[in-house]
Amino acid sequence: MMRKFCFTALACVALCLRAMAQDHSGHGAATGDKPWSQADGYFDPAEMDAVRQHMQMHHGSSRFVMFMLNQGEVQFTDDEETGVWDAGLWYGGDLNKVWLKTEGEYNFDAGEVEEADVQLLWSHAISRYFDLQTGVRYDFEPDGLAHAVLGFQGLAPYWFEIDGAAFLSEEGDLTAEIEAEYELRLTQRLFLQPRLAAAFSAEEIPERELGSGLTSLQAGLRLRYEIKREFAPYIGVEQHSAFGATSDWIEAGGGDADQTWFVLGLRSWY
Amino acid sequence: MFSRRLFLQGGALTGLSSLLPATLLPAWARSASGGNTGLRPDTATEFNLSVGRFPVQIDGRAGEAVGVNGTLPAPLIRFREGDEITLNVTNTLEEDTSIHWHGLLVPFQMDGVPGVTFPGIRPGETFTYKYAVPQSGTYWYHSHSGLQEQQGHYGPIIIDPHHHDPVAYDREYVLVLSDWTFENPYRVFAKLKKVSDAYNYQQRTMGDFLADAKARGLGAAWADREMWGQMRMSPRDIADVTGATYHYLINGHATADNWNGVFQPGERVRLRIINASAMTIFNVRMPGLPMTIVAADGLTVQPLEVDEFQMGVAETYDVIIQPTDDRAFAFVAESIDRSGQAVATFGPHPGMRADAPALRAVPTLTMKDMGMDHGAMDHGAMGHDMEGMDHSGHDMSGMEVDHSGHGMMDDASWPVETKDISPGPGVANVAMMPVSRLNEPGTGLEDVGHRVMRYSQLRSLERNPDLRPPGREIEIHLTSNMERYMWSFDGVRFSEVKEAIVFHEGERLRVTLINNTMMPHPIHLHGMFFDLVNGGGDHCPRKHTVIVKPAEKLSFDVSAEHVGDWALHCHLLYHMHAGMMQVVSVLPSADKAKEKDKRMEDMHGEME
Numbered sequence: 174m175m176r177k178f179c180f181t182a183l184a185c186v187a188l189c190l191r192a193m194a195q196d197h198s199g200h201g202a203a204t205g206d207k208p209w210s211q212a213d214g215y216f217d218p219a220e221m222d223a224v225r226q227h228m229q230m231h232h233g234s235s236r237f238v239m240f241m242l243n244q245g246e247v248q249f250t251d252d253e254e255t256g257v258w259d260a261g262l263w264y265g266g267d268l269n270k271v272w273l274k275t276e277g278e279y280n281f282d283a284g285e286v287e288e289a290d291v292q293l294l295w296s297h298a299i300s301r302y303f304d305l306q307t308g309v310r311y312d313f314e315p316d317g318l319a320h321a322v323l324g325f326q327g328l329a330p331y332w333f334e335i336d337g338a339a340f341l342s343e344e345g346d347l348t349a350e351i352e353a354e355y356e357l358r359l360t361q362r363l364f365l366q367p368r369l370a371a372a373f374s375a376e377e378i379p380e381r382e383l384g385s386g387l388t389s390l391q392a393g394l395r396l397r398y399e400i401k402r403e404f405a406p407y408i409g410v411e412q413h414s415a416f417g418a419t420s421d422w423i424e425a426g427g428g429d430a431d432q433t434w435f436v437l438g439l440r441s442w443y
Numbered sequence: 058m059f060s061r062r063l064f065l066q067g068g069a070l071t072g073l074s075s076l077l078p079a080t081l082l083p084a085w086a087r088s089a090s091g092g093n094t095g096l097r098p099d100t101a102t103e104f105n106l107s108v109g110r111f112p113v114q115i116d117g118r119a120g121e122a123v124g125v126n127g128t129l130p131a132p133l134i135r136f137r138e139g140d141e142i143t144l145n146v147t148n149t150l151e152e153d154t155s156i157h158w159h160g161l162l163v164p165f166q167m168d169g170v171p172g173v174t175f176p177g178i179r180p181g182e183t184f185t186y187k188y189a190v191p192q193s194g195t196y197w198y199h200s201h202s203g204l205q206e207q208q209g210h211y212g213p214i215i216i217d218p219h220h221h222d223p224v225a226y227d228r229e230y231v232l233v234l235s236d237w238t239f240e241n242p243y244r245v246f247a248k249l250k251k252v253s254d255a256y257n258y259q260q261r262t263m264g265d266f267l268a269d270a271k272a273r274g275l276g277a278a279w280a281d282r283e284m285w286g287q288m289r290m291s292p293r294d295i296a297d298v299t300g301a302t303y304h305y306l307i308n309g310h311a312t313a314d315n316w317n318g319v320f321q322p323g324e325r326v327r328l329r330i331i332n333a334s335a336m337t338i339f340n341v342r343m344p345g346l347p348m349t350i351v352a353a354d355g356l357t358v359q360p361l362e363v364d365e366f367q368m369g370v371a372e373t374y375d376v377i378i379q380p381t382d383d384r385a386f387a388f389v390a391e392s393i394d395r396s397g398q399a400v401a402t403f404g405p406h407p408g409m410r411a412d413a414p415a416l417r418a419v420p421t422l423t424m425k426d427m428g429m430d431h432g433a434m435d436h437g438a439m440g441h442d443m444e445g446m447d448h449s450g451h452d453m454s455g456m457e458v459d460h461s462g463h464g465m466m467d468d469a470s471w472p473v474e475t476k477d478i479s480p481g482p483g484v485a486n487v488a489m490m491p492v493s494r495l496n497e498p499g500t501g502l503e504d505v506g507h508r509v510m511r512y513s514q515l516r517s518l519e520r521n522p523d524l525r526p527p528g529r530e531i532e533i534h535l536t537s538n539m540e541r542y543m544w545s546f547d548g549v550r551f552s553e554v555k556e557a558i559v560f561h562e563g564e565r566l567r568v569t570l571i572n573n574t575m576m577p578h579p580i581h582l583h584g585m586f587f588d589l590v591n592g593g594g595d596h597c598p599r600k601h602t603v604i605v606k607p608a609e610k611l612s613f614d615v616s617a618e619h620v621g622d623w624a625l626h627c628h629l630l631y632h633m634h635a636g637m638m639q640v641v642s643v644l645p646s647a648d649k650a651k652e653k654d655k656r657m658e659d660m661h662g663e664m665e
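These protein sequence lines map, in sequence, to chains A and Z.
Each residue of the first sequence is one higher than the last, beginning at 174 in our numbering.
Each residue of the second sequence is one higher than the last, beginning at 58 in our numbering.
Pulled out of the complex, with its shape left as it was, chain A reads as follows:
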């Protein structure tokens, strides 16, 4: 199963790189027609050509790498403690990027990773504020399952940051997640961030203890202080709720379908 995932991931990377290369085939240099060439009369045309291509490339098609730890936090109740991460790394330019995203939970009491997934996505700007993202996801925990991903990420009117995706597992199960965040600027460095995340499943998936329809909801409120823009500790609360059959499974397993967590964490990017 891991092998299958690796193949898919490699294929995805190959596609991404190919598309990114095409990003640059747009400019005149590649077509053989020079957009301007009068300096060729004074300097070596081949050298001019090389410098022009290099120079054009660096005025609009530079690429960057960004690391973003959106949530790196400890969630706790009176008797439980969980480490939660939500991080991303992208490489690319204005329109096309390769994204690596990871999310997961670590149970401090049990001393083990309970959930961990990685997504490798090809992200393409499709409108002013939205990117279409497609690729693969692999769940390392709990069940070593691979998924195809089709999602979007962007900025909705009124400054809501939206991130949504549908996942088709190798077992044929269809699930989806959508997440919205808003940043209320209390001061130039202090932000109150409401966050809502919902998970859905197209049908019941007993082996993953998921019911159909809306399976769970997370509603959080985080208060963040940006010591630097790139480095911001926060505190907050988060309510986790499960619904329908999902909730029944949790309760049958002795858990709480509704739980309130306090969170302490760090948001950081580079």
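In case anyone wonders, no lab produced these hints; they're calculated from the structure.
Model, not experiment: these values are computed from the prediction.
Note that CB positions come from ideal geometry on N, CA and C, so glycine has one too.
There's no promise every hint is true.
As the list claims (entries may be wrong) - Chain Z residues, not near chain A, derived (Cβ > 10 angstroms throughout):
(1) Glu-151
(2) Ile-533
(3) Tyr-542
(4) His-634
(5) Gly-636
What the hints assert, rightly or not - So the derived list for chain A, only partly shown, Cβ under 10 angstroms to chain Z, looks like this:
(6) Met-221
(7) His-227
(8) Met-241
(9) Asn-243
(10) Leu-323
(11) Gly-327
(12) Arg-381
(13) Ser-385
(14) Arg-402
(15) Phe-435
(16) Leu-439
(17) Tyr-443
Stated by the list, open to error - Distance condition first, Cα-Cα at most 27 angstroms in a straight line; then the derived DSSO-like pairs of lysine-lysine:
(18) Z/Lys-251 - A/Lys-401
(19) A/Lys-207 - Z/Lys-555
(20) Z/Lys-555 - Z/Lys-250
(21) Z/Lys-555 - Z/Lys-476
(22) A/Lys-401 - Z/Lys-250
On the provided structure of chain A, position chain Z as indicated by the hints.
Only chain Z this time, still in chain A's reference frame:
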């Protein structure tokens, strides 16, 4: 009327020069307390310039600069109009460099733009620039390679008139305004790409909302936020890179270093002011002392007395001040977003320090800056908008009505090549109703209560040399998506440009710039002066750089005289670097082509 007294460099360095910058600076950039009592009139015809890395002290802190001959700013280059000059530029860096002579009408292969006019100067190489220019005034030079300009690679140029200077003065100074960061400029650019408002610590907050609601009512405050939120734009998006990282400098001196100049009360002092910033549009003023603008972008204009003016990156202004009081005056260069300023002093004695005024309130943009049809809105946010939205300069007497506003297209008697711009990843906004704003003083200066220069007031001192009406008109749209930090012309980043904008030698044409973004852009055209269509008739100001205000539509007429490929770009460095750049190819006209071929052959002969 022509009374220039020449001042020799007086006394030795005094104890006051212990502030570090002074000791590393060329004489013209030093304070009076460092021995600078005015410029020396020395001109030369040969200059040796070495581009390299060197340590600098900025605002009391050590940093590393990339620049010329080890000084920040770079040396003053002063020569006489018409003289054939030679500039040997040696690159001691480990990367390519270049020097562009900003505003100088040089042959295009001497213009210094890598990939456009020459291949650049490789490490270890010396490139010799040779030219004679038919112009005089205040100009500057800077790197056109990478982001070296942000690292200190800029310096002033003065060209003395061949015959007689129409501007009379007793003493003169050069003031090079700039912005310095201790961050690597590539890091600055990367941060903007990742979090475009990373340097903005002046956004509207919850507290502002409450104050606004109290002042204007909850409904109005909410409606205003709703509108901006709906557009996903910020009314405080005024400068991308701010005082959060920048140290603003005058001749390499931060406010704490107190650059100071001297005058004798009653003297006419000429200040040659150059905005050599990477990203900072400055508001320039001298509280308590009027300034008379006598030149803009190097060329003389009819004297215009003002109390303040907004100065785009790469513009130059010469002003005359005539202080009669025996006291110190502050010279204030305030960043357009008011996140910082640089303050210098002019006083009757060396070493004086004027009181620095407090930074003024942060301006807030209005829907007009978005190019919305505000006739259809009645939001309180509009405030001052209505003034100045007419065609330029109706309040100016004795001037011809010149339809420099948006009505122009309808009655233009020449063909107009318009462009349709549609929203997409690189174009967040298309101004619905761009208007002429030449009669406005610029962002944040609408209500300052004193005389602020407007472009509509500038008049060339000399009659414009080419009075033909344009034979055609082209539109160029300024486009962006701030959220993605994408900047372009006509929605096309420079990296994607497939063909240049073509001018034909000998033709006269009108270029109309339409700003679809919410930021003012100082747009610079290499290799030619253009006549800003500002209602000035046959005395329009001739410029090389013009600020296009948010949602503004303005035009300039230009005569395509100098064959070659010329860069056209926003002079905000990171906007250019993001792709807000194009090339104007002035193609030889058929009958002149033969002549030109011969000229090129001769040139080749000389070079070999």
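Discussion item. According to the definition I'm using, a residue is off the interface if its beta carbon is farther than 10 angstroms from all beta carbons of the partner; does Z/Ile-533 meet that for chain A?
Written reply: The claim holds: Z/Ile-533 sits with its nearest Cβ about 16 angstroms from chain A, beyond 10 angstroms.
Worksheet entry | When the least beta-carbon distance from A/Met-241 to chain Z is tested against 10 angstroms, hint result | Holds. Min distance 8 angstroms.
Discussion item. Given the hinted pair Z/Lys-251 and A/Lys-401, is their Cα-Cα distance within 27 angstroms?
Written reply: With a Cα-Cα distance of about 15 angstroms, the restraint between Z/Lys-251 and A/Lys-401 holds, given a limit of 27 angstroms.
Worksheet item: Any CB of chain Z closer than 10 angstroms to the CB of A/Met-221?
Response: 6 angstroms, holds
Worksheet item: Under the criterion of a CB-CB separation shorter than 10 angstroms, is A/Arg-381 in contact with chain Z as hinted?
Response: With a closest approach of 35 angstroms, the A/Arg-381 hint is violated.
Worksheet item: Holds or violated: is the Cβ of A/Tyr-443 closer than 10 angstroms to a Cβ in chain Z?
Response: With Cβ-Cβ at 8 angstroms, under 10 angstroms, it holds.
Practice prompt. Classify the hint on A/Ser-385 as holds or violated, based on whether any CB of chain Z lies nearer than 10 angstroms to its CB.
Written response: 35 angstroms, violated
Worksheet item: Within 27 angstroms, alpha carbon to alpha carbon, are Z/Lys-555 and Z/Lys-476?
Response: Holds: Z/Lys-555 and Z/Lys-476 sit about 16 angstroms apart, inside 27 angstroms.
Discussion item. Verify this label for me: Z/His-634 is non-interface relative to chain A, using a Cβ-Cβ cutoff of 10 angstroms.
Written reply: 6 angstroms, violated
Worksheet item: Hey, does Z/Tyr-542 actually stay past 10 angstroms from chain A on C-beta?
Response: Violated: least Cβ distance 8 angstroms, not greater than 10 angstroms.
Discussion item. Hint A/Leu-439 vs chain Z: min CB-CB distance below 10 angstroms?
Written reply: Because about 16 angstroms separates A/Leu-439 from the closest Cβ in chain Z, which is outside the 10 angstroms limit, the hint is violated.
Worksheet item: With d taken as the least Cβ-Cβ distance between Z/Glu-151 and chain A, does d exceed 10 angstroms?
Response: 16 angstroms, holds
Taken one by one, the earlier hints fail for this structure at numbers 3, 4, 5, 9, 10, 12, 13, 15, 16, listed in ascending order.
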